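Enquirer: Here the structure of chain A is known, so what remains is to put chain B in place on it, guided by the hints.
Number of protein chains: 2
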Amino acid sequence: MTKIYNFGAGPSMLPGTVLQRAQEELLDWHGAGISVLEMGHRSQVYTAIAEKAEADFRELLDVPADYRILFLQGGATGQFSAVPLNLMGDKAKTAYLLTGVWSEKAAAEALRYGEVHVVATGRAESYTKIPQPEQWLLDSNAAYVHYTANETIGGVEFQQIPDVGALTLVSDMSSNILSRPVDVSRFGLIYAGAQKNIGPAGITVVIVREDLLGRANSITPSVFDYTKQANNASMLNTPPTYNWYMLGLVLEWLKEQGGIAALEQKNIRKSAKLYAAIDRSSLYSNPIGLACRSRMNVPFRIADTELEERFLKDSVREGLINLEGHRSVGDFRASIYNAMPEEGVDVLIEFMREFERRYG
Amino acid sequence: MTKIYNFGAGPSMLPGTVLQRAQEELLDWHGAGISVLEMGHRSQVYTAIAEKAEADFRELLDVPADYRILFLQGGATGQFSAVPLNLMGDKAKTAYLLTGVWSEKAAAEALRYGEVHVVATGRAESYTKIPQPEQWLLDSNAAYVHYTANETIGGVEFQQIPDVGALTLVSDMSSNILSRPVDVSRFGLIYAGAQKNIGPAGITVVIVREDLLGRANSITPSVFDYTKQANNASMLNTPPTYNWYMLGLVLEWLKEQGGIAALEQKNIRKSAKLYAAIDRSSLYSNPIGLACRSRMNVPFRIADTELEERFLKDSVREGLINLEGHRSVGDFRASIYNAMPEEGVDVLIEFMREFERRYG
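In order, the protein sequences belong to chains A and B. Letter by letter, the first sequence follows residues 1 to 360 in this note's numbering. Letter by letter, the second sequence follows residues 1001 to 1360 in this note's numbering.
Okay, chain A solo, but in the shape it has when bound (with noise of 0.2 Å):
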């Protein structure tokens, strides 16, 4: 059988060994006698997993002992609006770096819930840019600014984290945490939804400021309040089980592969050498950037648009699949998260010039 490389953006490829042990480990975990899926959230054996989960992300991602976990249900939508209801306190204002679909919504959300501040915009340029911090507008009266460290759908990925002064800095880092090593102490917050780099779809990791907590507003929905999630241990209510204990088998592949800085460099040589392939064909092109591609999503264009189809039906034949960009957007997208092997994007490449060889 053909060996499948899955180019989706999320929920995404995990790692063969995490499958396989998650299969292992299904009926009986560890002898307990039981299946993960029917544990108690409170159970000894299953807090151990829980606990387990978050000291491995911790370390991971050196998150300083004034920062907390949480891992809630919603994904980086529910995000969307549990940040300003957590985050405005007084007040009445918020504000945002616009670089394409994913920060857009997580501005139109806040909306609900006061006054949105645009920091700069890429727009004008169909977001193939991240505005440059000169034209950026801070205003010191919003609670926090947010930007998307990486636009999934857009393909662009800031490549510094940006310097907003003594404003409290808020991360949407779904599409790229645990890609690169990442100073959290530069952050108010920051937040992720699993299915793309850390696990699968059903958990949301949010990592906040301890000194940012208490200041939730009345009408914030319980299950989004940090402060009583973080009292609570991220066990207000029962948590996505399963989902956090297969994150925690992730996290465990990803220490196994050499940590952060590892993945850093696999991910550094599979996006540099899948761009180089689309820079020198004629056929393939990339719209985004030098200065901020993203190193997970590649977005790109066929010339010949006749040829879209059947790209994508041979790309299937050969195992390369879910390559269709996304849906508001059309064209094609690789999605090279730290699950895909280098290999994967070798044979993408070779399926590419191939392609490109028979039918540009």
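Since the hints were made in silico from the structure, they are not lab data. Certain hints may be false.
Unchecked claim - Coverage of chain A stretches by chain B, computed from C-beta distances (three or more under 8 Å per stretch; other residues unrestricted): (1) 24–37; (2) 230–239; (3) 266–273.
All values reported here derive from a predicted model rather than from experimental measurement. Note that the Cβ used here is the ideal one computed from N, Cα and C, for glycine as well.
Expert: Chain B in isolation, oriented as in the chain A frame:
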């Protein structure tokens, strides 16, 4: 090895054949070449899984065509917020029937969003009885009347659907959904966290009558907005894909068992024999009124409290696990949801009898 029977209140026991099938399908779902854990939620292969689960749910509970079935995140506690946010409309108040810990929590959360009228409360009787309908004070100005169909902690279950006249009836059925037939047409909305009778933790089912859509408060987080989720087939954002799949496997198992009417007969037999064993003993007792004893959660006490620790230790040794009561109550509780086989209850009864013979 001793066969394990898991009496935990949730996350709880799953049918063995469901777990076996999940294990078999984990690496490669039906020849798709990838795991369900890796499938994009908008892929054809995954949407077929999701739609099958919805259709099976509709069939099993005989949900009328003018009701939408949503698969959300956040558990019942998330719905404690979502229900008032979506259903209050321009009304100033909601109404709650209080029968234990969970209905109290639901009412407390509704209080964030408006006035809460208490229809009746069983608090004076320590929630051992459901207040008689003659004692209920209905308020025609309430947006809806909420009740908890089965109090998981207290072990109190409504044996009939409450008659609230022309008012909209809302029910939390987290711990008894699909354990008995229900006339859905009597309700405006039913919700249930999956982790007791219908699957793993991390997915919540909402059944809502279509005419109740379109009135969400503007502060409603989008992920909790029933209308937006209904318009997007519960995929406004990435749903908990694997949890949804597991729920689907449980539904298929329920159909194989003969459907809900057959399950109800089994649940009646299981609970009746356990209550009978408790009632005829002089060591064990259950404090709940005969008319409202839960078929799902059977709390019980041991007259000689010095025997409690030994009871727990011995039961675990016999493979009867998670019999401790809820951390807020203490004592013991046997949760005997759909997935608990009748022989599990038989083994428990035999153990309790032998324990009483030896130490009682």
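Enquirer: Now tell me, hint by hint, if it's right for this structure.
Expert: To see whether the hints hold, each was checked on the structure:
1. Counting residues of the region 24–37 of chain A whose beta carbon lies closer than 8 Å to any beta carbon of chain B gives 6, which reaches the threshold of three, so the coverage claim holds.
2. For the region 230–239 of chain A, the assignment as covered by chain B holds, since 4 residues bring a beta-carbon within under 8 Å of that chain's beta-carbons and 3 suffice.
3. By the rule of at least three residues with a Cβ nearer than 8 Å to a Cβ of chain B, the coverage given for the region 266–273 of chain A is violated, with 0 such residues.
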